[in-house]
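S.K.: Once you've looked at the hints, go ahead and assemble the two chains, each given alone in its own frame, into the complex.
Protein chains in written order, with the working numbering: chain E, 1 to 381; chain X, 1001 to 1189.
Since the hints were made in silico from the structure, they are not lab data. Only true hints are included.
Where chain E lies over chain X, by a calculated footprint (3+ residues, C-beta under 8 Å):
(1) 1032 to 1045
(2) 1159 to 1171
(3) 1174 to 1184
Computed from a predicted structure; not experimentally measured. We put the CB at the ideal spot given by N, CA and C, even for glycine.
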Amino acid sequence: MDDELDDLRRERLFDSLLSAGDHWHMPLDAQAERAADTDAGVAEDLALLAQLRALQTGREETEFARARIARQLDELLYAEPMGAEAAQPLDAHDWMRSRLRALTAPPADELAAARRSAERQAADRAARLARRQAITRVVAGHTATLVGAALLLVCATLTGVSAAAARALPESPLYAVKRAEETTLLAISWGDVSRGQTLNMIANHRLTEAASEADLHRIPEAHSLLHQFDSTFTELITLTRHAQAQHEDTSSLTSGIQATVVSEQSIGATASAHGEVSFAAAVTSSAQSAMTQMQAAGIGTNPGHSHDHSNNGNHNGAGNGNGAPAQTPTPKPTHTPRTGSGSGAGPGGTVSTPTVGSTTPSANASITPSTSPSGAHNGNH
Amino acid sequence: MIIEEQESALVTRATQRDHDAFTQLYQMYFDRIYRYIRLKLGNAVDAEDTTSAVFCNAWRTIHNFSPQRESSFAAWLFRLAHNAVVDRFRSMRDVISLDATGERLAIRAIHPGPEAQIERKLTIYELSTALDLLTEEQREVVLLRFVEGLSAREVGDIMGKQEGAVRGMQFRAIESLRRVMIQRRDAID
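Only chain X is shown next, with the shape it has when bound in the complex (with noise of 0.2 Å):
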C-alpha cells in the first residue's frame, strides 16, 4: 500500500513536468517494459528502439494519464508499450529482420540443450521460442498476466477485454505454455 501510494504521488508529479519523478518511474519500470518488449520481438536490438520509443512517448503524453479512466500506471504504460510492439510488427510487417533471425539463429547455436540447464531453469530462450507456438492472445496474457505479474484487470485494460475474459484465457495459455514446453523437452531428450 504504502508503495502504491509512493507510485501514485511520483505519477502525479510527473503530469506536472517533475523530471525527477519521472525518472524515478524510469527507473522502477523498465526492467518490466523492457523485458516485455524483449519476448515479443524476440531481438535486443528492436527490442531497445521500442523501449526507447514506449518511454519517450510516455515522457510526451504522461499530462493525459488519469488514475480515474486507468486501471492503474502500470496499465497505462504496458498499453504504450503493447502499441508500440502492434507499430513495430507493422512496419516490420514486408521486412523480415535480418538482425532479429540472425540472433534467433544465435541463440540456437549457443544453447544447443545442455539437459541439466534446460530441465530446471527457464530461460528467456526456452520461453521466446515456446510463446512463439502459442496464439498471440495466450502469448499477451502469459507475458502480461504471469511474466509481468499485472492483475487480470490491467491485462484487459491493455487488451480490450473484460476482466473475466482475461481469467477464462490465462488458465488455458498457461496449459498451452506448460504443454508445449515439455514437449520441447522431450524432445530434446
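Next comes chain E alone, as it looks inside the complex (with noise of 0.2 Å):
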C-alpha cells in the first residue's frame, strides 16, 4: 500500500515537472535538478528524458533520406497544378503558344539589327537566305520526326508532365520528355542568336543536372553530364562565332554564356566545399577550357563587359544596359538539390535543419534539400 501511494507520488511529480518544463520551456536537466531534492529516481528519469529529446539520427543518413525523399515528393507535387492553377485550368493552347514564342523568337531588337545588316550587306543577306533554305530543306526531311516530337511536347504539356519534366534528372522517367523538348525547342530555333539561346539553356540544363546528381554523390553520372555540357558549349560557341562573322547583334548571346561560365564556376566552387574533389576538379577545367573558347571567340568573361558594342545600353528591351539578356532562357529549376554557396546555404534562402521539438517553418520553398551538413535548402521552384 505503501508502494503504491509512493509510486504515485513519485508518478505526480515527474508529471508536474514535465509539465512545467514544457510549458514553460525549461530545460529538463533543470527539472531534473529540481527533483533531485525530492526524488533521486524521477530525477534520474528526468534526465534520461533530457537525452532523449537531444536524440539525433546520424546526420548523413538523414541528410540522403531527405534527399530522396524530397525527389519523390517533387515529382508527386508537381505532377499536379499549384491551388490558383488548379482552380483556373490553363488554356493549354495558348499557354503553349507563348512558350514557345518567348523561347524561340528573336528580339525586336535583333529583327531590327538583321534589317539593317540586310540593307548594309546584300551579300551577307543572300548568304543567309541560303542558309535558311538549307535548313528548310534538312527540316522538311525530317518532318515526320518534327512533327512527332512537336506532338510529343504539346501532349506533355497538356498533361501537365512537361512541368515535372522540366526538373527530371536522367534517371527519372520524365527525363525523355525533358529531351524531347529540347531537341523540339532547337529544331524550330530560326536565326543564330535564337538557336544559340536555346543551346545556351540546354547547356545550362546539363549543368544543373550534373550538379543535382553531384549531390546526391552520383559522381560518374555527374561526370557524363558535364562531357554533354562541354559539347553544347562548344557547339553553342561556334555558333556565336559564325553569327559574329554575320555582324548579328550577339550581346544577348554573349550575355547568356557569360552567365553559363559564371554558373558553372560556382558549381565547382560548390562542389569543392561539399569534398567532391574529382567533380570540382573537373567542373574547374570545364570551366578553363570554356573561357578559352569564349576568349577565342572574342567574348568578354566578365558578365556585362561583353566584347560586343551593341551591348551598352539600352535597344529596345533586348538588353538591361548592364549585359544582363532579356531573351536568354533562364534554365529550367531542377527538382533536385540546388547548389549552395557558403555553408551549404542554397542561393534562394537559408534555413536551419528542424532540431528534435522543433518547429520552426524554414523560409525554403523547396522540398529537395541541399546534401550539405546544415540542411540549408534554396527557395527556388
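M.R.: So this is what it looks like as C-alpha cells:
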C-alpha cells in the first residue's frame, strides 16, 4: 500500500515537472535538478528524458533520406498544378504558343539589327537566305521526326508532365520528355541568335543536372552530364562566332554565355566545398576550357563587359544595359538539390535543420534539399 | 505562439494544394518523422521507404486535415506515420527483414561497447535496443511523448487513448526504460 502511494506520488511529481518544463520551456536538466532534492529516481527519469529529447539520427543518413524522398515528393507535387492554377485550368494552346514564342522568337532589336544589316550587306543577306533554305530542306527531310516530337511536346504539356519533366534527372522516366522538348525547341529555333539561346538553355540544363547528380553523390552520372555540357557549349561558341562573322547582334547571347560560365564556376566552388574533389576538378577544368573558347571567340569573361559593341545601353528591351540578357532562356529549375554557397546554403534562402521538437518553419520553398551538413536549402521552384 | 501561427498558416495553404507551403512543412517535420520511424523499424532502408509513404500520403490527404478535429498538425502527421509503421509491420509479419537483421548485427559489431561513449551520451543504437525490451505501448509513449516531444493529448490522439491514460503510462514507460538501460550498462560494465 505504501509502495503504491509512493509510486503515485512519484508519478505526479514527474508529470508536474515535465508539464511545467514543457509549458515554460524550461530545460529538462534543470527540472531534474529540482527533482533531485525530492526523489532521486524521478530526477534520473527527467535526466534520461533530456537525453531522449537531444537524440539525433545520423546526419548523413538523415540528409540522404531527405534528399531521396524530396525527389519523389517533387515529382508527386508537380504532377498536379498549384492551387490557383488547379482552380483555373490553363488554356494549354495559348500557354504553349506563348512559351514557344518566348523561347524561340528573336527579340525586336535583333530583327531591327538584322534589317539594318541586310540593307548594308546584300551579299551577307543572300548567304543567310541560302543557309536558311538549306536548313529548311534539312527540316523538311525530318518532318516526321519534328511532327512526332512536337506532338510529344504538346501532349506532355497538356498533361502537365512538362513541368515535372523540367526538373527530371536522367534516371527519371520524365527525362526523355525533357530531352524531346529540347530537341523540338532547337529544331524550331530560327536564326543563329535564337538557336544559340536555345543551346545555352540546354547547356544550363546539363550543368544543373550535373550539379544535382553530384549532390546526390552520383559522380559518374555527374561527369557524363558535364561532358555533354562541354559538347553543347562548344557548339554554342561555334554558332556565336558564326553569328559574329555575319555581323549579327549577339549581345544577349554573349551575356547568356557569360552567365553560364559564372554559374559553372559557382558549381565548381560548391562541389569543392562539399568535398566532391573529382567532380570539382572536372568542373574547374571545364570552366577553364569554356573561358578559353570564349576568349578565342572574342567574348569577354566578365558578365556585363561583353566584347560586343551593342551591349552598353538599352536597345528596345533586349538587354538591360548591364549585359544581362532579356531573352536568354533561363535554366529551368531542377527538382534536385540546388547547389548552395558558403555553409551549404542555397541561393534562394537559408534554413536551419529542424531540431528535436523544433517547429520552426523554414523559409525554404523547395522540398529537395541540399545534402550539405547544415541542411540549408534554396527556395526556387 | 508565433511559430504555431506560422505553422497554422502553412497548413491552411497546404490544404489548398500550395506546393511551397507543403514543402516548408516537409522541411519542418522531416527529421522528427524520420527519427520516429527509424527507431520503430530499426533500419534505414525500411525507414526511408516508410517516411516517403507518409509524406506522399500526407500530400494526397492533407485536404482532409481539420484543425477542429485534430489536436494539432503534428499529431495528424504522426498518426499517419504510426499507421504506416503498423502497415509496414503487417507486411513484414511473415517475412523477417534480412536487411534489418543484418543492420542490427552490423551496428553491434561496430559498437562493441566503448564504455566512455555508452556511459554518457545516449545513442540511437542504445535506445533502439532498449526499446525492444519495453511493451508496445510503452515504446510508443517513449518515442512520441519523450523523443518527439508531443503533448499527452497529441499522443492520446495518435494512440487512440485518453490524455489521462497517456499521463499514467508515461511515468511507467520512462521508469521501465531507465531500468532497462541501467541493466544493460551494468551488464556491459
